[in-house]
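Undergrad: What follows is the residue order along each chain.
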Amino acid sequence: MSLNTIYKLAIVLTKSQLRATQRNKLVARLFGDPRSILVVDALLLLVLGTFGYVLLSMNWITGLGDMIRNIEPEGLAGIPTSIGFAVIVLGVLYEISQPVQSMSTDLVNWLPITSTEYVAGSVVSDAYLYSFMLSLFLGALLGPALYFGLSIVWVAAALMAVIALFTGSCVVEILDAVTNRISSSFYKRSGRSGIVFRLGLTIIILVFVQLIFSGQIAVYLIRSIVHTVQVAWYVPVVWPSVSVLSLSQGSVMNSMIFGALSIGFTFTLFQVAVNVRARYWVPVPVSVRLSTRTYLPSKSLVSIPGLGSVESALLRKDFHSILRRREMARFMAIPFVLAASIGLSLITGRATSDSLSLVSILPLYIIPVTIFAQMLAMTSIGSEGYAVWNLYAAPIRPSQLLRAKLIYAASLGIVFCIGIAILFSILVNSVFPRLYILMIVGIATVLEQSAIGITIGARFPDFRETVRSRYVSIWGSLLGLFVGLFIAFLTISPIFLSIRIYQQFLNQFTILSFGLGLITFLITWKIAERQVESLLRNIRT
Amino acid sequence: MKVLQVNGVTKSFGDVRALKGVSFSVEHAEVLGLLGPNGSGKSTLMKIIVGILKPDAGNIQVLTTDVGADPIRVKKIVGYVPESPRLYEFLTGTEYLDFVADVHELDADTKRQRISESLKALDLDGRENEMINGYSQGMKQKLAIIAGLLHRPQLLVLDEPLNSLDPRSARIVKELIHKLRDDGVPTIFSTHVLDIADAICDRVIIMANGTVLEAGTPNELRTKAGVSGSSLEDLFLKLTGGSDTRDVVEALSR
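Those protein sequence lines, which keep their order, are chains A and B.
Numbered per my numbering, the first sequence spans residues -12 to 528.
Numbered per my numbering, the second sequence spans residues 25 to 278.
Next comes chain A alone, as it looks inside the complex (with noise of 0.2 Å):
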């Protein structure tokens, strides 16, 4: 093993990284080099300590100082748990949003690079890139631990982070090398439906992901981390905040056991992954595999009025897309966050008055909608990739394209919306009677988003197949979010109208709202044509 090896290949893979994911020039030039990080780091963490030593010290707040001192040691032992698990999610929504065809070009695999040194360049160069996490959690808690004369406990909580840091990338070490292998086995034996749960996964564990770092739930989750030391202290991953935690009451045997215990369970993690990356990372998965099945024609849409094979060739091809790529997963997830979170406040608060609880469901139900559709339908252009060529190749018209990615973006949104619409329904039963309003206002926005989606999605379409391919420019996403929102709360706003004024009308105004969003449609189609039309003019890879 040479820790020179080691070193270059930490550089290497942190750089690649980050470069990848950093499209703005100056960002990635400041970011782009991990000595930079860590000049970044380390003025976070004096700037963060200082400003919450002066508040303190300057007693502004009343009440603040008391607060604190009670919150800070339960604080200082929660960070290194936290910071575990915020290294092993972050680290699979990377591995997640890398596109396929990066997989097999991995160092490893043509470089005379052994596993150990793969592996534990890796883990260094985790560690560079979450160093950012260290230095936020850190900072905040430096003031107060320094003001209240906790600082041993401070740098055993740092010592303890960083331990739990390279743990944490041990484990997506792991996790990156068995999914690998299960995912390319899975797919081997269960076809397209191994894919579709694949699939289904990450989407569930995304939410999942994304629930557990919303504030409401971030505090339950370090109080709960906090209960949990002190019952649970047997699991593993929460060691290092045994030891913090063990110190800041007293105990220093007990904080130097856990201490070492934390040490040697990152070891040991480091061993796994280093004989699971040596024995399941394959660069291209061995799938040979000889069908005798002749050959049939894929059944055709044409079936559908108003679809031709040009049209019904597109939709197949796109909803192969994205039930099989993975890429495509962290798009999907957003909307269902969006959704998840809404229904949990929605259990939480429960309004009583029928018209109230429309008002209040409306936008709430709205936003998911919008997003959804819109996020299908401007993702759908550029999510072509580097193969849009056969697009451009192959005789289309640019009508039968804006159609089939129409049909595309509108199938699935209403899908969503319903299922939507039935869900906060059940979970607000007032709002149940009017469930037909959100299904008639929720189709309409639907439509007038995949339109708005797919004039935003042609006229800034990105093609760059890159770690975390945006398929639309950041330009163009905020446009078509901004806009979109508005004419979403614009097609809406008959029925608030309705709801504040003139109550006895409220399904003339759902109709009036649903002819506003069928016309919004209509002219953003029209729009769209000629967007697509000048996308296809001139090829752009």
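Hints listed in this document are in silico derivations from the structure and should not be mistaken for laboratory results.
Keep in mind that this is a model prediction, so the values were computed, not measured.
Note that beta-carbon positions come from the ideal geometry of N, C-alpha and C, so glycine has one too.
Simulated coverage check for chain B against chain A, where a stretch passes if three residues somewhere in it have a Cβ under 8 Å from a Cβ of chain A:
id, region
1, 76 to 85
2, 96 to 108
3, 118 to 125
So, partial list: chain A residues that the calculated Cβ filter (under 7 Å) puts toward chain B:
id, residue
4, Tyr379
5, Ala380
6, Arg384
7, Asn525
8, Ile526
Based on these hints, arrange chain B on the given structure of chain A.
TA: Relative to the frame of chain A, chain B by itself:
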């Protein structure tokens, strides 16, 4: 009869002038080789011929159709295989070919027959139900060639078609080009393998820096350049200014 007529085609990408007034034509049942060093404008020219790039100036006619005026019509009658084709990796081989066939609006029977035969001919049968991301570069190349031929084009445009192909498949593609020529279908193809160009081209065009340096049959060009009897490689290097390679070899082996 002229199948393709290229007139004064110019194309720039920012400050880079990729093509500078290129003109030539391709006759019925002719195999035309486009030769030139990297960056000479061959791929850009091919993309313009098949209607996926618009020229800044000049025009192109395929049979009776102007590419600029009706690119969809041209795409229906031209078969194109790009250099290192990027396919839809999340589709299986047959799903990809189905997609291409449907876009060309082939009926189910024709589609089934042509896809089955082509897969067999290029040794892809048995692997057709695997996702393309598990294919080797050569298999992807074969799939792209099959896709380019599915609709039985009246002009074939192949950008480095023999890249990554195994010897048997390369032979099949060469024979296919000859067979198509016998059936009256002309082919334009670019290659760096000059022996192949020498063996299968009726005519070659040598390009450099976005212009046509020379055009004619391999023998005509040899005679013109005063290197008759030598290989097409010598002629190519003489015309493109890359004949003195000894210093480079020396530097690389040092």
